[in-house]
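Participant: Chain by chain, the residues:
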Amino acid sequence: MDSTEAIYNGLKDAGINFIVSVPCVNLSKLLNMIDEDDEIIHIPVTREEEGIGLCAGAYLGGKRTAILMQNSGLGNSINALKSLTELYGFPLIMVMSHRGTEGENICGQVPMGQSTPLILEAMNFNFFKPGNPEAAYEDIRNSWELSEEQEKPVSVLLEIKYW
Amino acid sequence: MQRRDAILKIMEYIEDELVVCNIGFPSRELYDIEDRKENFYMIGSMGLASSIGLGLALSQPDKDIVVIDGDGALLMNMGSLVTVNACSPRNLTWIVINNGAYGSTGNQETYAKDLDLVEIGKSVGLKSYNFFEIDLKRKIKNDSCNLIVFNCKPGNSQAPIIDLTPEEIKNRFMKVIEK
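Line order of the protein sequences matches chains R and H.
For the first sequence, the numbering used here gives the first residue as 1, with consecutive numbering after it.
For the second sequence, the numbering used here gives the first residue as 1001, with consecutive numbering after it.
Don't take every hint at face value.
As the list claims (entries may be wrong) - Listed next, the stretches of chain R that the computed footprint assigns to chain H, with coverage defined by at least 3 CB atoms under 8 Å from CB atoms of chain H:
(1) 46–52
(2) 56–63
(3) 92–106
These aren't lab readings, by the way, just hints derived from the structure by calculation.
Glycine included, each C-beta is placed from N, C-alpha and C at the ideal position.
All chains, please: the whole structure from these sequences, using the hints.
Facilitator: Pasting the structure below:
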């Protein structure tokens, strides 16, 4: 199980069947796998906040939902995550490529990267930071139930060294 | 004609369709005109009515989905025009009431006041119509995704605050879908 397969298998075993995405280079192999999976509806969106709206509608329609994005997308989605997802108690898995972490070579990623866990803490949202594929699989597989229970999004942050 | 009259007019065509309604006065006026389990009232996340409607339409392909959106909200999420067009679910009808104003915050003018939203919809590939030139029921029931622009004047009614919790709105909406 490589780093990408672990995420894919975790999402599949959590029963996720509706995914929205804004790409990250670290997610590209995963996005291809999801595109080839007929059991998953995959909708690329123009901006992460839009994706939060799609996931809300899909959950109302009976789907299990996840968003794949860079951590920068968290910044683009904060209000929707609070005044839509949390307000109505919708579950959601957020799988984030956590840029700006150890090994980052684009300085522009660093400020948001450093603040990402702090922002999630301030939002009072649970998140995991798995260090290897086995942990990522377990965390993602368990995230849906945890999210349903808490009626809030649950995030999985995948730092650069994870890949 | 103001927004409330527009919603009243739209609701004349609605039977069992699922309706997703924009935040603020639009939802309050819809609630006042005709509260029903099939209405999803937005209480936050301005701009996302069409995105919620799109997610719902893709998940419930056998149900007809009608989004009641506003011009200010559309301007906040214009990316949705291209995403909705790329997906084009046949069961989605996206109505934008264009009163050229941010009604719920005191009727400040929007840039949409001078925009032809039908032309903008067409320019990205969406089948787009002026409400007054079509039969809404036929557009809801036909096999394409449609954008319907309803131009009217700014102004709010005396519609009350929605007397439902977000949980109640969600639960009864999901229950009626499961039926």
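Participant: Hints first: check each against the structure and report whether it holds.
Facilitator: Consistency of the hints with the structure:
Only residues whose C-beta sits within less than 8 Å of a C-beta in chain H count toward coverage, and the stretch 46–52 of chain R has 6 of them, enough to reach three; the restraint holds. Check result for the stretch 56–63 of chain R against chain H: holds, 8 residues qualifying (beta carbon to beta carbon below 8 Å, three or more required). Only residues whose beta carbon comes within less than 8 Å of a beta carbon in chain H count, and the stretch 92–106 of chain R has 0; fewer than three means the coverage is violated.
When each numbered hint is compared with the structure, a violation occurs for hint 3 only.
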